[in-house]
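**Student:** Read off the chains here:
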Amino acid sequence: MTAILQTVFDALSLGSLYALGALGIALIFGVMRLVNFAHGDVIAFSIFALLWPSTDVVAAVVAGNLPWFLLIPFVLAMGAGLSVLAEIVVFRRFRNASPATMMIASFALGFVIRYFLLMLFSSRPKSISLLPALSQPVEVLGARIPLLQLITILTTIAILFGLTAFLKRSRFGLEMRAAAENFTMARVLGVRANRVIMGAFALSGALAAAIALILGSQTGTADIQMGTNVMLMAFIATVIGGLGSLPGAVIAGFLLGAASVAMQVSLSIDARPFRDAFVYGAVILVLIFRPQGLLAGRGTKERV
Amino acid sequence: MLSDVTIRYGRLTAVRNVSLSLAEGEILFVTGPNGAGKSSLLRAIAGVTPPAGGRVDFADHDVTGRAPEDIARLGLSMVPEGREVFGSLTTEENLLVGTGMHAKERNWRARVASALEEVYETFPVLKERRHGQAGLLSGGQQQMLVIGRALMTNPRLVAIDEPSLGLAPNVIDLVYERLIALRAQRALTLLIVEQSSTRAMMAGGRMILMRGGEVLLDGDARAMGQSEAMQAAYFGYGEQA
Ligand SMILES: Nc1ncnc2c1ncn2[C@@H]1O[C@H](COP(=O)(O)OP(=O)(O)OP(=O)(O)O)[C@@H](O)[C@H]1O
Ligand SMILES: [Mg+2]
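If you read the sequences in order, they're chains A and B. Residues in the first sequence are numbered consecutively from 1, following the numbering used here. Residues in the second sequence are numbered consecutively from 1, following the numbering used here.
These aren't lab readings, by the way, just hints derived from the structure by calculation. Be aware that a few hints might be false.
[Claimed, not checked] Below are the SDA-like pairs computed for lysine to any residue, each with C-alpha atoms no more than 20 Å apart in a straight line:
1. A/168 x B/75
2. B/104 x A/172
3. A/168 x B/131
4. A/168 x B/174
5. B/104 x A/192
6. B/104 x A/251
7. A/168 x A/202
8. A/168 x B/199
9. B/127 x B/112
10. B/104 x A/171
11. B/127 x B/93
12. A/168 x B/136
13. A/168 x B/93
14. B/104 x A/194
15. B/127 x B/110
16. A/168 x B/101
17. A/168 x A/251
18. B/127 x B/89
19. B/104 x B/116
20. A/168 x B/113
21. A/168 x B/168
22. A/168 x B/88
23. A/168 x B/109
24. A/168 x B/214
25. A/168 x B/130
26. A/168 x B/135
27. A/168 x B/132
28. B/127 x B/168
29. A/168 x B/116
30. A/168 x B/87
31. B/104 x B/75
32. A/168 x B/133
33. A/168 x B/103
34. A/168 x B/90
35. B/127 x B/174
36. B/104 x A/195
37. B/104 x A/193
38. B/104 x A/169
So here's chain B without its partners, still in its complex pose:
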């Protein structure tokens, strides 16, 4: 999926020669401390920050340097850091923005309607506030909204930057339950960035650990959580050793 990707902002190198591949239906957690380059990696995959070097492949296409809307149309749904709700639109309009790209397909209307119902079923608050201005939703409700919005387009890969940010623990459980159920239902691939590895260990699956723009560890989430190397990477013990 990613080969040898480097991302720079001016002279700062945020991600250094990272290679990563994702199997269909896999769940991958990307963890690491602040500034590790997790969000940058996600933005590179989505075409928001084109990489300075390397190559990005998605859905059998070389998408390096392609426009975000083209990559989205290949089946990537990305939820960026910081939510990015359209505050002046209503909740329902927010959910509908991304559905236009499949407008030419058969049964489009029916599918949009059922996707909408599914999102409302998962997050009933959104249904209550469907005609209200999205900018007035609480932080947690906005987080539900952007996750719901990403699921509206029947994507192949959902990449979410810190889904648990600002959500109550029971809502986080709900979000993960939903994501994992979806993954089973339609072979959805998940790429989830989380600060902490706790979630990854609970949900299971594969996990990589990034620091300083590099991938330090890559393996089974549960096994990795126990390891010493993990602690070292997080707290920087490795530096002194």
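Same shape as in the complex, but just chain A:
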């Protein structure tokens, strides 16, 4: 019983990461039909922003010793800031370019961010201790769950509710939803294109930073590659969920998390290293039968 519960929590917390990542990608796709492959590098950047440039293994922390109520906003602001900067410096120039061109630009931007970090910090992962209080276990219904896992799940749920409320209730949310559905018509009604797109980038960057905080606390390391796997899974989740559909992205993120953990548990020891191959196999099956995604988004409709 407790083993099952443990597995469920594993699935939920992994799914949370994928869901947050997928949401960040879907938000930007919604307003500008850009699949942002630099998202994973924004994740890494948000954590490295806490460190002094150095090539040592033990990180020289600049801001990491901040109390949590300053540390968290700082990291979120870093993610949001970099993301908005990317929009202003790079993506704004590609507003009217084809989705393929924008995607390539995002790859290029990702490389720039990654090599910038590489230059300052070298490729060796650094040990950091972010929010160390969170690594102790707590008991939930007899199962011992790391506190961090619990917080990850609860935070993700809180973010999802908060974001939904924001999109449904606020003026900005209304404009963003209108722009995501029909960008030109929203502009004809006076909605400022730049503001909406920058808002989407800021939200997406903050979501990337939230992932960075979770990953950093979980692993105790800052690694330039740390966002890569989440980004890949998150991208797959947005495709399965139907590109541009926010609920679809979230649901698919949790499904992928569950599938990964289920494979991990059920595959024989020999097959476990190939877990991801099985997950991707399942993804291909889904896309064969529902090429428009599980929850078809409006996103794939042409912009007018």
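On the provided structure of chain A, position chain B with the ligands as indicated by the hints.
**Tutor:** Chain B with the ligands alone, transformed into the frame defined by chain A:
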């Protein structure tokens, strides 16, 4: 308002050197057969399709090449061809999308509320379906919605592409009644594209007739409706003559 405007799509010239001026409070009907360039003209004014040549002025500003949201903020409300309802939003949310641009003004909330009531008064169906998904409205209801949406922002100029499309005749009457009343109330300028000149002749006002990207005739709607030139332009008799 427009001087010497040319609009191209690739190598196709949709509008050729059109000049047009509109007085405040005027009502102008733009008519002409399919492909005449009427919708293109409207999109150029709204900044959706920037012209390849010429100049567009609106509200004492040169708005050539300006962004649609900037032109909207100067007081243009455009209802494009094909409705463009935000289908995933509710009816009321659709009506509210455009109201944000005046959010800094005094009494904004009160004015939005009264504009909303006015729209609901004109189109009671919209009130019934206010919290329903707009994409599920019927074609005619969506047409009412986009016209209502354009009136929500207290515009100076309302430009509508084929308002009568898909509406029952009595609803068309209602729409025109409302537009003309508004025009009288707040010196609203109207630019209305219609396929047929019948409406223009009924409502009166000025009318231009376009064909092949050019303005063929410009004058009083009622007088023009009777003329031979009108028939010729529509059915292409002029070509043989
Ligand atoms: N986006 C576009 N790309 C290419 N060509 C276009 C585009 N929009 C319009 N055209 C062409 O421009 C010309 C004028 O089109 P426009 O839509 O302005 O005509 P219209 O007078 O509104 O016709 P209708 O009464 O059928 O709506 C047509 O030949 C049309 O094929
Ligand atoms: Mg047209």
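**Student:** It remains to establish, for every hint, whether it holds in the given structure.
**Tutor:** Comparing the hints with the structure gives:
no.: 1; hint: A/168 x B/75; verdict: 27 Å, violated
no.: 2; hint: B/104 x A/172; verdict: 14 Å, holds
no.: 3; hint: A/168 x B/131; verdict: 13 Å, holds
no.: 4; hint: A/168 x B/174; verdict: 33 Å, violated
no.: 5; hint: B/104 x A/192; verdict: 14 Å, holds
no.: 6; hint: B/104 x A/251; verdict: 38 Å, violated
no.: 7; hint: A/168 x A/202; verdict: 18 Å, holds
no.: 8; hint: A/168 x B/199; verdict: 40 Å, violated
no.: 9; hint: B/127 x B/112; verdict: 15 Å, holds
no.: 10; hint: B/104 x A/171; verdict: 13 Å, holds
no.: 11; hint: B/127 x B/93; verdict: 12 Å, holds
no.: 12; hint: A/168 x B/136; verdict: 19 Å, holds
no.: 13; hint: A/168 x B/93; verdict: 10 Å, holds
no.: 14; hint: B/104 x A/194; verdict: 18 Å, holds
no.: 15; hint: B/127 x B/110; verdict: 18 Å, holds
no.: 16; hint: A/168 x B/101; verdict: 18 Å, holds
no.: 17; hint: A/168 x A/251; verdict: 19 Å, holds
no.: 18; hint: B/127 x B/89; verdict: 15 Å, holds
no.: 19; hint: B/104 x B/116; verdict: 18 Å, holds
no.: 20; hint: A/168 x B/113; verdict: 19 Å, holds
no.: 21; hint: A/168 x B/168; verdict: 34 Å, violated
no.: 22; hint: A/168 x B/88; verdict: 12 Å, holds
no.: 23; hint: A/168 x B/109; verdict: 18 Å, holds
no.: 24; hint: A/168 x B/214; verdict: 45 Å, violated
no.: 25; hint: A/168 x B/130; verdict: 15 Å, holds
no.: 26; hint: A/168 x B/135; verdict: 17 Å, holds
no.: 27; hint: A/168 x B/132; verdict: 14 Å, holds
no.: 28; hint: B/127 x B/168; verdict: 19 Å, holds
no.: 29; hint: A/168 x B/116; verdict: 19 Å, holds
no.: 30; hint: A/168 x B/87; verdict: 15 Å, holds
no.: 31; hint: B/104 x B/75; verdict: 15 Å, holds
no.: 32; hint: A/168 x B/133; verdict: 13 Å, holds
no.: 33; hint: A/168 x B/103; verdict: 18 Å, holds
no.: 34; hint: A/168 x B/90; verdict: 11 Å, holds
no.: 35; hint: B/127 x B/174; verdict: 16 Å, holds
no.: 36; hint: B/104 x A/195; verdict: 16 Å, holds
no.: 37; hint: B/104 x A/193; verdict: 18 Å, holds
no.: 38; hint: B/104 x A/169; verdict: 18 Å, holds
In summary, the structure is inconsistent with hints 1, 4, 6, 8, 21, 24 from the numbered list given earlier, while agreeing with the others.
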